[in-house]
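*Asks:* Protein chains in written order, with our numbering: chain A, 1 to 128; chain B, 1001 to 1128; chain C, 2001 to 2128; chain D, 3001 to 3128; chain E, 4001 to 4128; chain F, 5001 to 5128.
What the hints contain is simulated information worked out from the structure, not anything from laboratory work. Hints may be right or wrong, so weigh each one.
[Stated by the list, open to error] Here are the simulated distance ranges between beta carbons:
| no. | chain 1 | residue 1 | chain 2 | residue 2 | range |
| --- | --- | --- | --- | --- | --- |
| 1 | E | Gln4118 | A | His22 | 32 to 40 Å |
| 2 | F | Arg5123 | D | Asn3023 | 43 to 51 Å |
| 3 | F | Asp5054 | D | Ser3049 | 51 to 59 Å |
| 4 | D | Ser3089 | E | Lys4091 | 23 to 31 Å |
| 5 | C | Gly2124 | F | Ile5125 | 52 to 60 Å |
| 6 | F | Gln5118 | B | Ile1125 | 29 to 37 Å |
| 7 | E | Ile4086 | A | Pro128 | 26 to 34 Å |
| 8 | B | Ser1089 | A | His22 | 48 to 56 Å |
These figures come from a predicted structure and were not determined experimentally. We put the beta carbon where it would ideally sit given N, CA and C, even for glycine.
Number of protein chains: 6
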Amino acid sequence: MEQTRYQRGFDKLSEIDGEAGHNVINNLASICPDLAKFIIEFPFGDIYSREDLDLKSREIATVSALTAMGNCAPQLAVHIHGALNIGCSPKEVTEVILQMAVYAGFPAAINGMLVAKQVFEERGIITP
Amino acid sequence: MEQTRYQRGFDKLSEIDGEAGHNVINNLASICPDLAKFIIEFPFGDIYSREDLDLKSREIATVSALTAMGNCAPQLAVHIHGALNIGCSPKEVTEVILQMAVYAGFPAAINGMLVAKQVFEERGIITP
Amino acid sequence: MEQTRYQRGFDKLSEIDGEAGHNVINNLASICPDLAKFIIEFPFGDIYSREDLDLKSREIATVSALTAMGNCAPQLAVHIHGALNIGCSPKEVTEVILQMAVYAGFPAAINGMLVAKQVFEERGIITP
Amino acid sequence: MEQTRYQRGFDKLSEIDGEAGHNVINNLASICPDLAKFIIEFPFGDIYSREDLDLKSREIATVSALTAMGNCAPQLAVHIHGALNIGCSPKEVTEVILQMAVYAGFPAAINGMLVAKQVFEERGIITP
Amino acid sequence: MEQTRYQRGFDKLSEIDGEAGHNVINNLASICPDLAKFIIEFPFGDIYSREDLDLKSREIATVSALTAMGNCAPQLAVHIHGALNIGCSPKEVTEVILQMAVYAGFPAAINGMLVAKQVFEERGIITP
Amino acid sequence: MEQTRYQRGFDKLSEIDGEAGHNVINNLASICPDLAKFIIEFPFGDIYSREDLDLKSREIATVSALTAMGNCAPQLAVHIHGALNIGCSPKEVTEVILQMAVYAGFPAAINGMLVAKQVFEERGIITP
């Protein structure tokens, strides 16, 4: 059963975040492998694998929250990749980040947008 | 033109938040009417009125961010109403809030869920 | 195996938080029973059950973090009960909260202290 | 010397916050008198007593920060009283809070404004 | 009318933040030009252009809030430049940042002070 | 008496944070020496010098809070050094940080863990 959670989580992590997700896991493995294991099991095995909300909406929720919280740029970058990987358009990503100016203020939106800018450049996405 | 922003914002506020939105505006009118005016013009006239992201995704982004920020329960209640008003299912709302346990911790998710519980009770929604 | 995580978590929750913990779980059951289940499985089944850090230190860490975050008074109350339940003295609890004035500012420390005051009164603890 | 810090701080607290400040101190005295003592000595004895920034600017800085942080409404109320006590106009207070919509988002500004509304009502201030 | 908001905002941005402000706008233009436009129109065209609070007090409020929030160092740097541009003394800036140790804790004050240190060095300001 | 607070604080700072603490103080000395002085006097002279909570518990509280707050990596690094200096094991440090996934979310725990990784590498600590 645990095996199932881990396996289901690893597959979901790979589907959403791809190489960027694997890098996070590998980076943690040498300091606290159980944190890496829990990331796979709980967020990806338990949460992202749930039905009742499509994956695109889940990534919109995550990009929005990470932009608003404003103190986790590396995770925001991973999830902007994830949002694009599972079918969000670049425009949808920037709209979500822009909207955070309303709820978390302009600095959070600006800093989130500059993370998106870097991700888009890595992927060769031309905007706007 | 300003008239247009205000009018477009007021219509959008009414569409999304209905009476709960009007109450916020009226409550502010006696202390700082310009804050009420700016809420109508900028978030609703400028942001929610934009194309390129559907209204349902916008409300998912807002419910997610307000849950994660964790210090704005009244606004979260208004936007859970808003999410339901524009077509999110109760289940989609609770999925978004649940997901915030991953990004903002369990206390934020618990407190957000209890706001949803109250909104659902006001609307006579039976869960789960 | 899942059964084990849940059972281990439920026992740990009962040991630490007692009735206050059960109330949180029951309160969530009617809106999102899976959030209640995840609370039992992950924080209590996976984290608090770990060795390598004694339970008293874990509660000190939690009281400290919740005081510093400053937006989760209900959870802070539950964990001040928990800290006292598993052997922290009232003085140790107030010292942790006091120390947060340094890291999160005086408002966070004051608000945390007033939560402790209420918990102490419920338990008939006389301070200082 | 300590006596001097405490005395200087108590006088400054009384000048700025008056009865609202004394209430905070008294409320803490029964749970952690040293927190009350440190509030008098450090913020008021060490910081507010400094030259190089006038008291009005100090209260503007505090009202602004507490509005933006968004999780310390009781302290915001005390310092809105303080700002008015030392010569800020009601309009200056609401302008500072309004401006926080830009930096911390509209929910923070709305919640701060509603704290101001309550303080103004207590003092019989008619706005706008 | 929109033209007026934009023009008024651009002039105010130029007055306060000068080149640092223009850099922010230009940096955003290639990813989301509308965010750049909204920054000019709302914060600068609508808020900083208001009467009833002098510009120096507005910059004190902003430096204070950004220091306390602690997750927007680039914006803090821009507004320390802004505060100095419109007549705050270096000493007034450091006093505001120092005061945040009280409300947001010492780490926020230290990190804010190190941003000020860098800005002062860029401008050739000798302190203390 | 002030001399005593400063001297007591300086000794405590040296005991806990050693060279990393002195670097913070020296770095601030050229921009705001009074902030450096207050850090020595209040956190270290007044708080860390108190009895009723052992130093190891104090460092656990600080590492926990700084991880959860998520916007003060430099201070977290200093206090992970401090925790190790006064007798916490590397495993206890990583357990505290891991636990913050529950209260502040996975991004805060991941970012805190990567700060610990760097500190451990500086000290030649092999994990896990």
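*Asks:* Would you mind marking each hint as holding or not holding in the structure?
*Replies:* Verification of the supplied hints:
no.	hint	in the structure
1	Gln4118/E - His22/A: 32 to 40 Å	36 Å, holds
2	Arg5123/F - Asn3023/D: 43 to 51 Å	48 Å, holds
3	Asp5054/F - Ser3049/D: 51 to 59 Å	34 Å, violated
4	Ser3089/D - Lys4091/E: 23 to 31 Å	25 Å, holds
5	Gly2124/C - Ile5125/F: 52 to 60 Å	45 Å, violated
6	Gln5118/F - Ile1125/B: 29 to 37 Å	48 Å, violated
7	Ile4086/E - Pro128/A: 26 to 34 Å	32 Å, holds
8	Ser1089/B - His22/A: 48 to 56 Å	33 Å, violated
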